[in-house]
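> Listed here are the chains, written in short residue letters.
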Amino acid sequence: MAITDTLIPAVDISDKQTVPVTLNGKNILICKANGEFYAVDNQCTHQRAELTGGRIRNCYLACPLHGVRFDLRTGQPLGELTRVPLKTYDVSLADNGNLQLELD
Amino acid sequence: MSELIKVKQQGEARCEGLSYQDLLDNETIEVPAYLREDTNPYMGDEDLSVDRWISRDFHELEKQKLWPKVWQMTCREEDIPEVGDHHVYEIVDQSIIVTRTGENEIKAFINSCLHRGRILRDCDGHAEEFVCPFHGATWDINGNFKGIPCKWDFSHLDQKDMSLPQVKVDTWGGFVFINFDQNCQSLEDYLNPLPEHFSRFPLHDYYKGAHVQRVVQCNWKVGAEAFMESFHTLETHSEILTFTGDANSQYDTFGDHVSRSVTPMGVASPHMPEVTEEETMRDILELSGRMATDNAEGHAMPEGLTARSYIAETNREMFSELIGEPLDQATQSELEDAILYMLFPNTQVWIGYNGNIVYRFLPNGDDHNSCIFETMILMRYPKGTQKPEPAEKNILRPDQAFSEAPEIGGLGPVFDQDDSNMAAVQKGMIASRKGAVSLASYQESRIRHLHQTIDKYLNA
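Just so you know, the sequences run in chain order S and U. Everything in the first sequence is counted per this note's numbering, starting at 1 for the first residue and increasing by one. Everything in the second sequence is counted per this note's numbering, starting at 1001 for the first residue and increasing by one.
Heads up, a few of these hints could be off.
[To be verified] Cut-off 25 Å, straight-line C-alpha distance, at most; resulting in silico cross-link-like pairs (DSS-like, lysine-lysine): (1) LYS1387/U x LYS1107/U; (2) LYS1065/U x LYS1107/U; (3) LYS16/S x LYS87/S; (4) LYS1168/U x LYS1107/U; (5) LYS1063/U x LYS1427/U; (6) LYS87/S x LYS1393/U; (7) LYS16/S x LYS26/S; (8) LYS1393/U x LYS16/S; (9) LYS1168/U x LYS1063/U; (10) LYS1393/U x LYS32/S; (11) LYS1107/U x LYS1146/U; (12) LYS32/S x LYS1387/U; (13) LYS1160/U x LYS1146/U; (14) LYS1387/U x LYS16/S; (15) LYS1456/U x LYS1069/U.
Note that these hints are calculated values from the structure, not bench results. Predicted model, so just to flag it, every value in this text is computed and none were measured.
So here's chain U without its partners, still in its complex pose (with noise of 0.2 Å):
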């Protein structure tokens, strides 16, 4: 048992299945203390304005003060490998060029011109050095200023500082993160405890396999939303009830910047009481999009085995024969279950072996009413061979299905029902006379953390 304060909510309601608590205690394998934290301060009930998703008063607030703020998810390291490789990271009206200029160093620049002030890249790629298009004002690729054409005309710069700004930049699990706030807390601080929980992943060299983009018509909250609760899936996808825990699902905040759901899989959900281990085993499999196979084909329940035990297992067979490893530390938990952190403000990363799925969602540029989603699945590969190059990133256009997107499998199909609601919702609380929206006490915790926890940001 973890040594961390547990907080019981005020209330203390719960679904009446069983707990995953419970489900914990039936693991044959030591259980590491990060699952065992259950930890969900109340912190009310009181119903959100509307205006926190639809008023552009709300979205000026948040490019005032809390995108200047946070440290936020720009890249995968592997997708800037060499150095000179740069990515072009846009929120909201800020452009930043984050480049590789070491093996093990990143800069992060901001993306404009000192001369006229044209942006210097305009997509991502490769250079020797930064060189305007417009007239040719040049820099290296650590920001030093090269010059410009027709100097005799510029000596008035002679003196001037020329250098490109910088913006803060961190890495963590591959991820490289920045900080447009010189005097921001350390990203270690700001992640806890993510690191420690994440410690039997290493995300770091785990390749990305797959990266799918779409515009989505709706406000970057409600996006990330519509993955911080499994309430949803009774109505939303019915179709996974049969290996879904949906209503006893586990939610925990851990201070301001993370907060996680554990929803059991390979149980039927509370909801269906009749549904027997086959069919949980067979669905799974089938429809989740998740597990080491999708398909059931030839797999039978063994005599007085759960679903449950028989998916995790058949996951940990062959989870380790991918990668070259034994997983035999490995929870049944961590094998099947979905376990989902979000860090703030808006990116979300599954735990794993194998598949973690990231999600992000971005403003759209200076939209408040649309957002780019973005998902992508980190895969590992067997040991002793070379690290695959990452996927190169999809964009779909906004008129696609996300199952048109072959790459995310079973997830494609998933996301099609997430995103029947997700612009529904925008256009919904836009119409709403009650002018507010009401939220579960449990079930949907993380999202009233998720706006305290803005608050924080918006009133300091």
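Okay, chain S solo, but in the shape it has when bound (with noise of 0.2 Å):
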């Protein structure tokens, strides 16, 4: 497991915000949502669309092209377009204030 500490800072975030990093190559969706912060593989287990800019809602990312909807905390959709989850990736905050990822 790698713990990265080179991400933004958390107080640049603001709540239903996505940001997109890259991170070994990986493209990483960060999320916040009711003040928490998530992280998600950035592309919709649909149709492989970026997620970024996906409306937030409660605890669910809904995909901007046609509108799947993820469960940020578990990755599990909803509705019928698709039964994968998104890979999701635990989030804490750094003693700098920023986030940090844990990757596999």
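Got two chains here, separate frames each, mind docking them using the hints?
Dropping the structure here:
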């Protein structure tokens, strides 16, 4: 397991915002919902669209292309378009106020 | 006293206990006219054939002549707060995208791609535009056609109207309604007199504090009817009799689309004359799930006060505090009684200053032997504060009990008792050799009213 400490400051993300970051060649989306931070693969499991800018409501992120909603806590999709969950990553706050991720 | 006409039922047989109107006479606050309505025209006592609930033919008739003609509640406005938010409303085999297209504008589109017919949206959510997931035909959220890939292959569509077909939309009380019939009466006329009766309860400004849904193995009307009479309290919910005036409930019908039941609370059932005021007070707090507090600890009955008054005043105080404004004009009845309206065909809403329960019974897709039972609880919030976000819908699995949904509190165990009848009624009607049900003249008159209005649509 690798912990990064190179991410953006937590204060730079507002609620319901999505911020894409690239880590080890992976496109990962940082999201803030109800004051909590989440990180998921930035690729919809339905038709591989980027999820950046997808609307967040409660703990759900909607794909901008066809609207699949994913539970940011678990990555589980709602509805019929896909049954494949999004990969999620644990996010924590580093001492310097930056967000850090746990990558496999 | 209201000026509105009152029609007594033929026979006029009523429970010998105190009537609801008698209880209103004890109010110290001016009783609003809508509570003084006592309207129950005699509608007959004929048996109703079980075909109405169990036959495929009846379901097909409803599919052709009922659902395409009625105003039906789809969702709350707060479920689609931002432009582009949409709710996918499904009724039998029809699918509609109810979409917010402006701050004060909602449109409803037939959920079917004009290219190959795929549904455009699979579930609720948010869209900047509607892109069909199959080939990519695209509409803006106002339903205007924006194009399709390989346009060179579709020049034959250039002269066609490619706008998404719409159905009628209107709102009341924060609910969004649709009607498939372009020539339907206005929602305002259809709802009459509901808006007037709810004028003391600004439901549009309540927020959805809970929303729970589960499939029940019965026809949608069996489900709805489980909440249209208090007669079943005696056998089904006997634990609430110490504080529920079941047999002295009042039943009213208003035109074709609205009916109500008023079940006095904070009084013991006429079936239980021995209950003390202390027991009534304790049990209503612990068991009803609808009072300002659900804990009787620390509550003692003051000398000379009735449980009905004590509970109403407790509710007045706690609800006033909760919403940040005095409820000086609220009657005790409005503060505690079960005043439940039905809006034809399948939506039911409670009166009240906080925790207004809403029921909806939808056919489960095209299956006439099961339905989707939903309950919402509409809540108030302190005046001057931001309206809380509506609760996400909690979809229970068919094998789960309603008491597994903590957000509906004391209602869960009550629904479980109702649930123990609903599927069993469907099963028993299928097995019936009598082939018909018999209804109580008065206490089950709202069920007869429901069916008489259904017949008006089916025979139109």
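> Taking the earlier hints as the rules, which of them does this structure contradict?
none
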